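J.: One-letter residues, chain by chain:
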Amino acid sequence: MEMTAPVGRNAIDINAGGLIGKKLPRVEGPLKVSGRAPYAYEVHPDGVEGVLYGYPVPAPIGLGSIGSIDTDAATASPGVIAVLTHDNMPQGYASGPALAAALKENRLVNPILASHVIDHYGQPVACVVAETFEQAVAAAALVKVECSADASPHFDLRTEQYDAPKPAGGPPPDSRKGDFDRAFGSCALRIDESYSTPAQSQAMMEPPATLAIWHDANSRDAKAPRLTLHTSHQIVDWAQEAVAALFGLDREAVEILSPYVGGGFGAKLQVLPDAILAAACAKVTGRPVKIALPRPQIFNATSHRSATIQWVQLGADRHGVLKAVAHRCWSGNLPDRTFYEQAAAQTRHLYATPNLLIEQRNAALNLTLAASMRAPGEAVGLLALESAMDQLAELGQIDPIELRLRNEPKTDPETGKPFSERRLVECLKLGADKFGWSKRTAPGQRSEGAWMIGMGMACAIRTNLNRPSGAKVTLSGDGRLLVQTSMTDIGTGTYTILTQIAAEMLGLDPSMVTVALGDTDFPASSGSGGSWGAGSSGSAVYDACMNLRARLAHEARIPADRAVFARGRIGDGRRRSQPLRALVRRGALVATGSISFGSFSEQYYEAAYGAHFAEVGIDRDSGEIRLRRMLGVFDIGRVLNHATARSQLIGGMTLGVGAALSENLVADTRSGAFINHDFAEYLIPVQADIGEIDAIMLDAVDDKTNPLKSKGAGEIGVCGAGAAVANAIHNACGARVRDYPITLDKIMDHLG
Amino acid sequence: MRAFDYQRARKPEDALSANAARYIAGGTNLLDLMKLEIERPERLVDLNALALDRIEDLPDGRLRIGALVRNATLAAHPLVVARYPVLSRALLAGASPQLRNRATTGGNLLQRTRCPYFYDPAQNCNKRDPGAGCSARGGLTRNLGILGISEACLATHPSDMAVAMRALDAVVETRLPGAPGETLGRSIPIAQFHLLPGSTPQIETILQPGELITAVVLPQPLDGAQRYRKVRDRASYAFALVSVAVTLKMKQQSVARVSLALGGVAPKPWRIEEAESRLVGQQLSDDALKTFCDALLSGAQGSATGNAADPHRLDNANDFKIPLARRMMIATLRDAAKEA
Ligand SMILES: Cc1cc2nc3c(=O)[nH]c(=O)nc-3n(C[C@H](O)[C@H](O)[C@H](O)COP(=O)(O)OP(=O)(O)OC[C@H]3O[C@@H](n4cnc5c(N)ncnc54)[C@H](O)[C@@H]3O)c2cc1C
Chain A
1 MEMTAPVGRN
11 AIDINAGGLI
21 GKKLPRVEGP
31 LKVSGRAPYA
41 YEVHPDGVEG
51 VLYGYPVPAP
61 IGLGSIGSID
71 TDAATASPGV
81 IAVLTHDNMP
91 QGYASGPALA
101 AALKENRLVN
111 PILASHVIDH
121 YGQPVACVVA
131 ETFEQAVAAA
141 ALVKVECSAD
151 ASPHFDLRTE
161 QYDAPKPAGG
171 PPPDSRKGDF
181 DRAFGSCALR
191 IDESYSTPAQ
201 SQAMMEPPAT
211 LAIWHDANSR
221 DAKAPRLTLH
231 TSHQIVDWAQ
241 EAVAALFGLD
251 REAVEILSPY
261 VGGGFGAKLQ
271 VLPDAILAAA
281 CAKVTGRPVK
291 IALPRPQIFN
301 ATSHRSATIQ
311 WVQLGADRHG
321 VLKAVAHRCW
331 SGNLPDRTFY
341 EQAAAQTRHL
351 YATPNLLIEQ
361 RNAALNLTLA
371 ASMRAPGEAV
381 GLLALESAMD
391 QLAELGQIDP
401 IELRLRNEPK
411 TDPETGKPFS
421 ERRLVECLKL
431 GADKFGWSKR
441 TAPGQRSEGA
451 WMIGMGMACA
461 IRTNLNRPSG
471 AKVTLSGDGR
481 LLVQTSMTDI
491 GTGTYTILTQ
501 IAAEMLGLDP
511 SMVTVALGDT
521 DFPASSGSGG
531 SWGAGSSGSA
541 VYDACMNLRA
551 RLAHEARIPA
561 DRAVFARGRI
571 GDGRRRSQPL
581 RALVRRGALV
591 ATGSISFGSF
601 SEQYYEAAYG
611 AHFAEVGIDR
621 DSGEIRLRRM
631 LGVFDIGRVL
641 NHATARSQLI
651 GGMTLGVGAA
661 LSENLVADTR
671 SGAFINHDFA
681 EYLIPVQADI
691 GEIDAIMLDA
701 VDDKTNPLKS
711 KGAGEIGVCG
721 AGAAVANAIH
731 NACGARVRDY
741 PITLDKIMDH
751 LG
Chain B
1 MRAFDYQRAR
11 KPEDALSANA
21 ARYIAGGTNL
31 LDLMKLEIER
41 PERLVDLNAL
51 ALDRIEDLPD
61 GRLRIGALVR
71 NATLAAHPLV
81 VARYPVLSRA
91 LLAGASPQLR
101 NRATTGGNLL
111 QRTRCPYFYD
121 PAQNCNKRDP
131 GAGCSARGGL
141 TRNLGILGIS
151 EACLATHPSD
161 MAVAMRALDA
171 VVETRLPGAP
181 GETLGRSIPI
191 AQFHLLPGST
201 PQIETILQPG
211 ELITAVVLPQ
221 PLDGAQRYRK
231 VRDRASYAFA
241 LVSVAVTLKM
251 KQQSVARVSL
261 ALGGVAPKPW
271 RIEEAESRLV
281 GQQLSDDALK
291 TFCDALLSGA
301 QGSATGNAAD
311 PHRLDNANDF
321 KIPLARRMMI
331 ATLRDAAKEA
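Going down the list, the sequences are from chains A and B.
Under full-length UniProt numbering, the residue at position 82 of the first sequence is numbered 82, and the numbers go up by one with no gaps.
Under full-length UniProt numbering, the residue at position 77 of the second sequence is numbered 77, and the numbers go up by one with no gaps.
Okay, chain A solo, but in the shape it has when bound (with noise of 0.2 angstroms):
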């Protein structure tokens, strides 16, 4: 189907076996507990034998190029197969018409070992096969690789800063409405401040790993010619198009399988060095090859959020009514990249204005690729224009919520166009009640023993992403409901609402109800990236279900319209009924679905939206600061399931208390290197840092958005988190810390 207009009401509103919604324990979870979901690293397939490990070696420098590498004493060393360099690829690796698309859909890496050039420190430039994982490891660590670096390497943002291009790709990073520069001038209260957010990295948990497979056309395999690659991709129908365009072959030739992923966060949206070194291994030495990145390498040799520096300047009245707000940011990537960290994206939408402008530049950097992290642009644009905010609210001597309240839009503020369905001021007024807002007292006024206590708010905002999607369902013989489609679960709970789409439109038990993803083979979906997965993919299984619906009620001979699925079988709604499984005949039932998003959806903007409350106790010795609670209201449009989303909802919400405090991933400007590439130095939040902390989901539902009515709700927690932590920060002890993360040694000077 195609959205080309609002949903009335459907299946889904109807509701009537009550699973659409309901807190459905993770259906994949046994599995996942007791070790029998096997990730990409842990699948040993039938038949294949003769494993080998890859083992990658790092470039030690920044820019600059290989002269030699020596790999005598690694060849020789225990168990050795085969060293890999640019040397001895195999052939027509990197060098296929479709690669330049790929890259520039920022779809890989820079394809690694494929020049003696080094882009970046850490690069993969060699990489070791051996018969066990240790023996590769030890004679990847006798790969000599003499090297020169570039005399001039770029690895500062500060100092690229000022000959930053526009982006040659991307949404549009520049917008004009109005004349900034006149209202601004002429605007009673004014803020004007930079900011500045650190490099972050995605640092998800399951580390990127691939078993690779070539299907030899000679062989018997019922699989050949084909290239398999168990991986673990946030969407692998991307994979494939790459795997495919950097090796030279058809699309189908490509296999790619990631029925669990251990997080991604946006670093499996790219083909990583694990997935092409393990294909190419596995094709030079004719066996199966599996590479699973070490943790150090992955901060290194994977992507990571770009460092931004931001410019903000909003102009009130005295009143706080907007009149003029300005937008700046600047963000880095390698050279011929075109993604950007649009910092500015929220900046569009979020406030009424009659004057915006919106400038985004993108530095060349010799530093890892620059990718997707979880809510790209809005994660960090807001940790800028939410302490703005805060900060006019200070100066106009305004409440916070209220000056929210004052410059709320009655129309897309970039465009105009109608907002779908926006219930941000509800978010506001229920999540400050709930919160204990009226307690807030001014700056340096609160404090519990040692502890001073402060109060921080901030909104939420995250554009509603939607892409086409398939999917395919069959009903066998003895009842039970098989979904498939390529779409993936990346630990946020896909194959659970997939269940309960499917299971409700049918009036099946969920138990009744098997979800297969992360397949190349099964419908193309959406994936998972950019929130858009649940309602994107959800849909599709929705529609599958429809038609199969449809097959059904023809078979029982009952209008469509009327019948009634419920208990496994289907009724006239009056007294006939019967299961359905005695409609299947011949083995099985199949329905295919699809969803597709075509000129309806631009008609309207579409965007998740929440606030944030955030309450900080500051240690008047140390400066240490310490979450004490934190509680976040949203408008994600229909839940699918509470108990999955509340969880996306407080993750999102976490990773922007590490943006606020402590996540910083450093850029040592000598070498290119990110210097602190392990989880006792890169410090992502731990149990302890977050104390309290809730989500409330508004009961709302969007018919613009999809069939189900459900609006992203995988990133819209960390947007704004951080910066509701800022101003509490501000709050506590009176300091605007502007260059995150906030760590104590900014505050000292104000904590007396």
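Hint data in this document are derived by calculation from the structure and do not stem from the laboratory.
Pairwise CB distance ranges, derived in the manner of DEER restraints: (1) B:Asp5 - A:Ser34: 32 to 38 angstroms; (2) B:Gly198 - A:Asp70: 33 to 39 angstroms; (3) B:Lys290 - A:Ser68: 56 to 62 angstroms; (4) B:Lys11 - A:Ser34: 40 to 46 angstroms; (5) B:Glu56 - A:Lys23: 52 to 58 angstroms; (6) A:Lys23 - B:Arg10: 50 to 56 angstroms; (7) A:Ser68 - B:Gly198: 33 to 39 angstroms; (8) B:Pro97 - A:Gly598: 50 to 56 angstroms; (9) A:Ser68 - B:Pro209: 32 to 38 angstroms; (10) A:Asp399 - B:Ala256: 50 to 56 angstroms.
Straight-line distance between alpha carbons at most 25 angstroms, and here's what the computed SDA-like set of lysine to any residue pairs gives: (11) A:Lys144 - B:Asp32; (12) A:Lys144 - B:Asn124; (13) B:Lys35 - A:Asp678.
Stretches of chain B that chain A covers, calculated by requiring three or more beta carbons in the stretch to come under 8 angstroms of a beta carbon on chain A: (14) 119-131; (15) 136-142; (16) 223-236.
Computed from a prediction, not measured in an experiment: that's the story for all the values here.
We treat Cβ as the ideally placed atom computed from N, Cα and C, and that holds for glycine.
Using the hints provided, position chain B with the ligand relative to the given structure of chain A.
T.: Chain B with the ligand in isolation, oriented as in the chain A frame:
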């Protein structure tokens, strides 16, 4: 990871006779470093079967802690909780429950620095590769030292436990191979145990090759108050930016006895007894505390100048540790004085 020989010692003599071997206890530090190819021992002797896992209440009031006593066990031991709370607190402020269940007393003393440049084999490090130079200088130094460092090395010793032991004047008992068939024992005051880097930062302790730590002995308990205060960038599972271990006895508003060791700032727990004796007999006035802190921080040096990690971001440098250490020493002493 290289292939290595592995042997399990049943008695200390087995361990001592294993030539050129490295000992492995909890393995929480050594194994990580081996996986990263930073440590490359050819032989490992596993100490875990040795009967060095006891805590003995000695007749003279001292407490002997076997080298294999796990950090978790030590922290929870009733005698430690009652008599040496500063040690219990320090242990519990370190690492995570899982790590503390494995980590041993001997291994904790010998854990290696967390300098990020030490951890990256592509960077220069005089500890890893003597004479190679130090990439940390001019780089990310947030967790590096401000005291006792040298041109060759900025690393800190990351242990929390050792800082408390230093404030308690612990003694490290060891055995080392003597004449054939014999072993020698010695007792090393913890003050002498860790060495400053000078031009040989690869030599971190006074131990000789093959010397086995058998126990740590704590002197008779002290009266007064004890405190351990650790400042870190997240609430748990992070190394100290600055930590302070204090034992304090007050008498009529004046200091009767005090010991204070700083962690997170130097290649060893940092304590200056002379400054302590000058504080004795004085009230904890602003002036007295300032003089005391000045003495401990004398020569302290941050690394912001020439910082290349990001010259615009002082949070990547460690200069802030100087005022932070001062604040924490004052706060911890004043806090201890309330109960001392
Ligand atoms: C993520 C992480 C966070 C951590 N956080 C902290 C923290 O906040 N604070 C803190 O203090 N520590 C922290 N640690 C370090 C931890 O305390 C040490 O790893 C642990 O104490 C080492 O003890 P072990 O028994 O495992 O030593 P091992 O790894 O077994 O050995 C360490 C060294 O000691 C030698 N050795 C061991 N026993 C003896 C002996 N009896 N005689 C002679 N030599 C011996 C070994 O040869 C080796 O060189 C952390 C560690 C990790 C991995």
